[in-house]
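Participant: Sequence:
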Amino acid sequence: MLQIQLIIEDKERVLRGLKKKRLKDAEKYIQEIIELDQKRKQLITQSNEIKNNINVLSKQIGDLFKSEKKEEAEKLKPTSIELKGREAQIDTELKHIETALHNTLVLLPNLPHSSVPDGACAEENEIVFQYGNIPVLSSDALCHWDLADKYGIINFELGVKLTGAGFPVYRGKGAKLQRALINFFLDEALKNDYIEIEPPVLVNEDSGFGTGQLPDKDGQMYYVEKDQLYLIPTAEVPITNIYRDVILKENELPVKNCGYTLCFRREAGSYGKEVRGLNRLHQFDKVEIVQIVRPEESYEVIEEMREYVASLLKMLELPFRTVKLCGGDMSFASALTYDMEVYSAAQKRWLEVSSVSNFETFQTNRLKCRFKDKNGKTLLTHSLNGSALALPRIVAALLENNQAERGIKIPPVLVPYTGFEWID
RNA sequence: GGAGAGAUGGCAGAGUGGUUGAAUGCGGCGGUCUUGAAAACCGUUGUACCUUAACAGGUACCGGGGGUUCGAAUCCCUCUCUCUCCGCCA
Numbered sequence: 575m576l577q578i579q580l581i582i583e584d585k586e587r588v589l590r591g592l593k594k595k596r597l598k599d600a601e602k603y604i605q606e607i608i609e610l611d612q613k614r615k616q617l618i619t620q621s622n623e624i625k626n627n628i629n630v631l632s633k634q635i636g637d638l639f640k641s642e643k644k645e646e647a648e649k650l651k652p653t654s655i656e657l658k659g660r661e662a663q664i665d666t667e668l669k670h671i672e673t674a675l676h677n678t679l680v681l682l683p684n685l686p687h688s689s690v691p692d693g694a695c696a697e698e699n700e701i702v703f704q705y706g707n708i709p710v711l712s713s714d715a716l717c718h719w720d721l722a723d724k725y726g727i728i729n730f731e732l733g734v735k736l737t738g739a740g741f742p743v744y745r746g747k748g749a750k751l752q753r754a755l756i757n758f759f760l761d762e763a764l765k766n767d768y769i770e771i772e773p774p775v776l777v778n779e780d781s782g783f784g785t786g787q788l789p790d791k792d793g794q795m796y797y798v799e800k801d802q803l804y805l806i807p808t809a810e811v812p813i814t815n816i817y818r819d820v821i822l823k824e825n826e827l828p829v830k831n832c833g834y835t836l837c838f839r840r841e842a843g844s845y846g847k848e849v850r851g852l853n854r855l856h857q858f859d860k861v862e863i864v865q866i867v868r869p870e871e872s873y874e875v876i877e878e879m880r881e882y883v884a885s886l887l888k889m890l891e892l893p894f895r896t897v898k899l900c901g902g903d904m905s906f907a908s909a910l911t912y913d914m915e916v917y918s919a920a921q922k923r924w925l926e927v928s929s930v931s932n933f934e935t936f937q938t939n940r941l942k943c944r945f946k947d948k949n950g951k952t953l954l955t956h957s958l959n960g961s962a963l964a965l966p967r968i969v970a971a972l973l974e975n976n977q978a979e980r981g982i983k984i985p986p987v988l989v990p991y992t993g994f995e996w997i998d
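Adding 574 to a residue's 1-based position in the first sequence gives its number in our numbering.
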């Protein structure tokens, strides 16, 4: 959520940013917010004055009762009652204004960082880095869903039987590979000073709102109606919400957390080759990294996180590229996002395996995650997160890129975790 | 799931209708003392919002929401959570 103060103080900058994010009717929203906020302030001032009058009267009445001047006290009561009626009116109006203001404010996406390229869609993203050689496979190379079937390690049909499409069953070395990747990713994160968190995978509405999934992506989360809980689409939600309504001490920053969780996404509206095999699942495994940092450090930190994710891909010997998303392709809450894409050689496409974002104060403003700076002033922190990494597409690329006559070669760095060198 | 008890400031813990944003203790910060530190003593110590150029003033917040009252941390309703006992259970 954007800060109202920024909208009022630097309307032009906000408008420029919203346009870069391709928000329609930005002027209309901004105008509305400014007007609503003015009205809001007026009403608060009026309400406060009346409340003050009531408080003064109440004290007088109390004093009169104490000094046994009951009749005089009784005479003051009607005034107070009348004031209260007026206050109630103003408060009702104020509530309406505040709801309207909030509802509009929540529609505004975060402003993109100045370095974000202008553009409307994925084609206009900027490739900032590419690593590794694109493997050239023989003509009979298989896509990962066929390899999964060939070696009996992932069963998509069985998932359909148990649950539905997008819920694969991993078996034997396939299951072990999952476990190996999770542990590898967590261990690497710990080496880089992240504190491991194992959070709940169901969260309440406040948490969904805190990280921006609600109300924006309501339809993308599984919802347990009976208990009013959401299945998390990413560990970002519970982990970042740890810091909801928290005022951190200066020396507690930066907060570096990582966590492995299952992630659940309804992916309503997806279809075709996009969802084939492991490309897009309803349930998948992911290790997430989250940082809460001082505002002035967040753009250094995002580079550090990007490098860290790149290092994982290098260790796994996967060719990848780093893409800086353009304004129109960025997520609602982000100010700067790098996508990391691995090349999946049989499908001959780049698969997004990580998204590293700086949210600046967009999340922390909702979360009320603040810190006291050296001067004792309370300021909003900046929040960042990134996948490090999401498993399915890594597995897809590993299977496809490493296929050989004998079987599928496990990258050396994973062998200590899998206990085997080949899937055959 | 059933019965009972409870939820107060960073923590502990008073307060059951009238200057109570809230006693007291601990902790934190500043100071005196000290070569330095500790102890002791003195002072200070929440968040958000509104008005103001500023000084300053005002409002709200004692788990959340609603109500009674001129006035609520205090009374009533409701929800959530915690604890104890019973039941069930990995």
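Derived from the structure by calculation, the hints contain no laboratory data. Careful: at least some of the hints might be erroneous.
Calculated lysine-lysine pairs in the DSSO-like style (CA-CA distance at most 27 Å, straight line) [unchecked claim]:
| no. | residue 1 | residue 2 |
| --- | --- | --- |
| 1 | K830 | K946 |
| 2 | K942 | K823 |
| 3 | K613 | K625 |
Computed beta-carbon distance windows for the label pairs [claimed, not checked]:
| no. | residue 1 | residue 2 | range |
| --- | --- | --- | --- |
| 4 | K823 | E601 | 49 to 55 Å |
| 5 | S905 | K615 | 40 to 46 Å |
| 6 | K823 | E645 | 54 to 60 Å |
| 7 | N629 | T666 | 38 to 44 Å |
| 8 | Q802 | K643 | 27 to 33 Å |
| 9 | A842 | G746 | 50 to 56 Å |
| 10 | N629 | F906 | 40 to 46 Å |
All C-beta atoms, glycine included, are put in the ideal place defined by N, C-alpha and C.
Participant: Holds or violated: 50 to 56 Å for the Cβ distance of A842 and G746?
Facilitator: Violated: the Cβ-Cβ distance is about 32 Å, outside 50 to 56 Å.
Participant: Please check whether N629 and T666 have a Cβ separation lying inside 38 to 44 Å.
Facilitator: violated, 20 Å
Participant: Quick check on a hinted range of 40 to 46 Å for S905 and K615, using CB atoms only.
Facilitator: violated, 32 Å
Participant: Taking only the CA atoms, is the gap from K830 to K946 under or equal to 27 Å?
Facilitator: holds, 18 Å
Participant: Could you see if the CB distance from K823 to E601 stays within 49 to 55 Å?
Facilitator: violated, 41 Å
Participant: When you take the CB atoms of Q802 and K643, is the distance between them in 27 to 33 Å?
Facilitator: Between Q802 and K643, where Cβ atoms are some 53 Å apart, the hint is violated.
Participant: For the hint 54 to 60 Å, verify it against the beta carbon of K823 and that of E645.
Facilitator: holds, 57 Å
Participant: Per the hint of 40 to 46 Å, is the separation of the Cβ atoms of N629 and F906 within bounds?
Facilitator: holds, 43 Å
Participant: Could you grab the alpha-carbon distance between K613 and K625 and see if it respects the 27 Å cut-off?
Facilitator: holds, 18 Å
Participant: Sort out whether K823 lies within 27 Å of K942, counting only the CA atoms.
Facilitator: Since the Cα atoms of K942 and K823 sit roughly 14 Å apart, the hinted pair holds (cutoff 27 Å).
In the structure shown, a violation is registered for the earlier hints numbered 4, 5, 7, 8, 9, in ascending order.
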